[in-house]
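Number of protein chains: 2
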Amino acid sequence: MTVQRILIVSGTHGNEINPIWAVKQFNSEENSVKQGIEYEYIIGNPIAYEKGCRYIDADLNRSFNESKNYHQQNKSIYEITRANVLVDQFGVNGSDPCQIAIDLHTTTANMGTSIVMYGRRLKDFCLAALLQNKFGLPIYLHEKDEAQKGFLVEAWPCGLVIEIGSVAQNFYDPEIIKRFLIIMTSLREEIYKLKNNLIELPKELIVHVHQRSIDYPRDENGDIDGIIHPKRINQDWKIIKKGDPLFIDSKGIIHKYDGDELIWPVFIGEVAYKEKKIAMSYTKKEVIYSKNEWVQAFDSL
Amino acid sequence: MTVQRILIVSGTHGNEINPIWAVKQFNSEENSVKQGIEYEYIIGNPIAYEKGCRYIDADLNRSFNESKNYHQQNKSIYEITRANVLVDQFGVNGSDPCQIAIDLHTTTANMGTSIVMYGRRLKDFCLAALLQNKFGLPIYLHEKDEAQKGFLVEAWPCGLVIEIGSVAQNFYDPEIIKRFLIIMTSLREEIYKLKNNLIELPKELIVHVHQRSIDYPRDENGDIDGIIHPKRINQDWKIIKKGDPLFIDSKGIIHKYDGDELIWPVFIGEVAYKEKKIAMSYTKKEVIYSKNEWVQAFDSL
Numbered sequence: 001m002t003v004q005r006i007l008i009v010s011g012t013h014g015n016e017i018n019p020i021w022a023v024k025q026f027n028s029e030e031n032s033v034k035q036g037i038e039y040e041y042i043i044g045n046p047i048a049y050e051k052g053c054r055y056i057d058a059d060l061n062r063s064f065n066e067s068k069n070y071h072q073q074n075k076s077i078y079e080i081t082r083a084n085v086l087v088d089q090f091g092v093n094g095s096d097p098c099q100i101a102i103d104l105h106t107t108t109a110n111m112g113t114s115i116v117m118y119g120r121r122l123k124d125f126c127l128a129a130l131l132q133n134k135f136g137l138p139i140y141l142h143e144k145d146e147a148q149k150g151f152l153v154e155a156w157p158c159g160l161v162i163e164i165g166s167v168a169q170n171f172y173d174p175e176i177i178k179r180f181l182i183i184m185t186s187l188r189e190e191i192y193k194l195k196n197n198l199i200e201l202p203k204e205l206i207v208h209v210h211q212r213s214i215d216y217p218r219d220e221n222g223d224i225d226g227i228i229h230p231k232r233i234n235q236d237w238k239i240i241k242k243g244d245p246l247f248i249d250s251k252g253i254i255h256k257y258d259g260d261e262l263i264w265p266v267f268i269g270e271v272a273y274k275e276k277k278i279a280m281s282y283t284k285k286e287v288i289y290s291k292n293e294w295v296q297a298f299d300s301l
Numbered sequence: 001m002t003v004q005r006i007l008i009v010s011g012t013h014g015n016e017i018n019p020i021w022a023v024k025q026f027n028s029e030e031n032s033v034k035q036g037i038e039y040e041y042i043i044g045n046p047i048a049y050e051k052g053c054r055y056i057d058a059d060l061n062r063s064f065n066e067s068k069n070y071h072q073q074n075k076s077i078y079e080i081t082r083a084n085v086l087v088d089q090f091g092v093n094g095s096d097p098c099q100i101a102i103d104l105h106t107t108t109a110n111m112g113t114s115i116v117m118y119g120r121r122l123k124d125f126c127l128a129a130l131l132q133n134k135f136g137l138p139i140y141l142h143e144k145d146e147a148q149k150g151f152l153v154e155a156w157p158c159g160l161v162i163e164i165g166s167v168a169q170n171f172y173d174p175e176i177i178k179r180f181l182i183i184m185t186s187l188r189e190e191i192y193k194l195k196n197n198l199i200e201l202p203k204e205l206i207v208h209v210h211q212r213s214i215d216y217p218r219d220e221n222g223d224i225d226g227i228i229h230p231k232r233i234n235q236d237w238k239i240i241k242k243g244d245p246l247f248i249d250s251k252g253i254i255h256k257y258d259g260d261e262l263i264w265p266v267f268i269g270e271v272a273y274k275e276k277k278i279a280m281s282y283t284k285k286e287v288i289y290s291k292n293e294w295v296q297a298f299d300s301l
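Note that the protein sequences, when read in sequence, are chains A and B. Note that our numbering numbers the first sequence so that position 48 is 48, with each residue one more than the last. Note that our numbering numbers the second sequence so that position 28 is 28, with each residue one more than the last.
With the rest of the complex left out, here is chain A:
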């Protein structure tokens, strides 16, 4: 592995402030060059952070679209411009090239400390397996979702999202900050070991694979007319089966899960996903056996 520089991004969403604080603290405590690997810490969306909102014109973490036409057509959107700036500078072919990107997020859902992967890239599997092996973290593997594209880490050849919750937007929570510090420290250790051929992959990796997202119940005007059921709220990663309650509407009617398959819901009630019409996302559990190729894939990086 010839990885020289790692990009650590916080504040990709401007109102997710705990990772920004964690990085500030981490960066002042440690040197940015650690065991021969350089770390670059940036705020993804500094203007949104300053304003205390998720984004200015569009979700930055859906703005890393590969198509050049897409960028040409959307030049007036701040986040599209910002995504280009970041890739031009820190992309693998940029002026300050980074080979791995780690994007730090928080959620109002009760996800705990978790990893989000986009697609089945070998190098991502390797990093995710190492972190899961160390902490037992759940992994949400996001794929086959045409409505959700252009994630930041997809613009780098290797990258993961660290997603920690529940915490309110714009609220500093020392416990959440501590968890980011632990993850960043461990990531550095694992990447160091990876670079020096010191890692040992666990036998397998357990992932929760995205199936589809579901919306809230809505009234005749299209307004939300249902909240997450008391038995479902904060129960991220917990299995549901046919007949289990999902929502309760304003008339008191309980809306139940009516699928035949067992499902593990995630991002239950995430505030920022209301505008995307997502009340929660369904996943299925999958065991993936580790392969040496995952480590070998870093040879070309």
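Note that these hints are calculated values from the structure, not bench results. Model, not experiment: these values are computed from the prediction. Check before you lean on any hint, since a few could be wrong.
The list makes no distinction among identical chains, and a pair is therefore deemed to hold if it is satisfied within one copy or across any two copies.
[As the list claims (entries may be wrong)] DSBU-like cross-link-like pairs, simulated, lysine-lysine; straight-line CA separation at most 35 Å: (1) Lys-291 x Lys-256; (2) Lys-75 x Lys-274; (3) Lys-193 x Lys-51; (4) Lys-251 x Lys-291; (5) Lys-51 x Lys-251; (6) Lys-51 x Lys-284; (7) Lys-242 x Lys-178; (8) Lys-193 x Lys-251; (9) Lys-75 x Lys-134; (10) Lys-241 x Lys-24; (11) Lys-251 x Lys-24; (12) Lys-277 x Lys-24.
Place chain B on chain A using the hints.
Just chain B now, with coordinates in the frame of chain A:
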């Protein structure tokens, strides 16, 4: 007491959505006329609610300023206009006059279920004493704060704020909703008893009287450079003494309370108060003996 109509306001801040849902549920379950008293349920700031933000131009709950000049000068601010509309319609001299206003709020601070009073109005003391006697709720008595004026309930001859937390902005929490339902049911019962001379005042009322608010530590650019200390976060209503930690800054320096008096902090880390440069507010505990005048004050209403 000749009270005919009570105004129940939710969504005075558009991103405090749990009371809106509670009212929707409450209103559909019960009749709006109850035991001879009519209840009017409104959303304080419907446009902010639609957009999922606290306000459009200015904080509606600081826009109920009595001065006519103030309103003349600020006609282009949506919330000033809205405040006028509400008073013109539901004010005690309005077209649909209400004699009591109850304003339902949530907070990201760990305030539990609490009451906020503005100044020392006899009728407010009466209502607050009845609710405290029933549930043991803590009461924040806001007064002598020139920086914070124009609260909604001040525009009515009697009114309280119900403040429940912690809950994230825009996040539906069934537990929080349940607490609003309990409070609304009890308020109706107490107001019914009040109207029918059935109440018995408790001997005394305990209030936490506002002293002053403090800001976060800031860096040379004026940006926040400190978070609430892990030992202080979520410790609303809990006494602090000289030397107790308040903040920890990015260098790891602990900022301590250096006053000589014992203080009870409230609204610790409330997200919406960052723009007001308030990290928490200090209060002092005071015992107030109940007076018959509190009940008699309703005779003129």
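Status of the hints after comparison with the structure:
1. Lys-291 x Lys-256: neither (39 Å within a copy, 53 Å between copies)
2. Lys-75 x Lys-274: both (26 Å within a copy, 33 Å between copies)
3. Lys-193 x Lys-51: Classified as neither; 39 Å inside a copy, 48 Å across copies.
4. Lys-251 x Lys-291: neither (52 Å within a copy, 42 Å between copies)
5. Lys-51 x Lys-251: Between copies only: 24 Å across chains, 38 Å inside a chain, cut-off 35 Å.
6. Lys-51 x Lys-284: between (37 Å within a copy, 34 Å between copies)
7. Lys-242 x Lys-178: between (38 Å within a copy, 27 Å between copies)
8. Lys-193 x Lys-251: Answer is between: at 29 Å across copies they meet the 35 Å cutoff, but 57 Å inside does not.
9. Lys-75 x Lys-134: neither (42 Å within a copy, 59 Å between copies)
10. Lys-241 x Lys-24: between (43 Å within a copy, 30 Å between copies)
11. Lys-251 x Lys-24: Between copies only: 9 Å across chains, 47 Å inside a chain, cut-off 35 Å.
12. Lys-277 x Lys-24: both (34 Å within a copy, 21 Å between copies)
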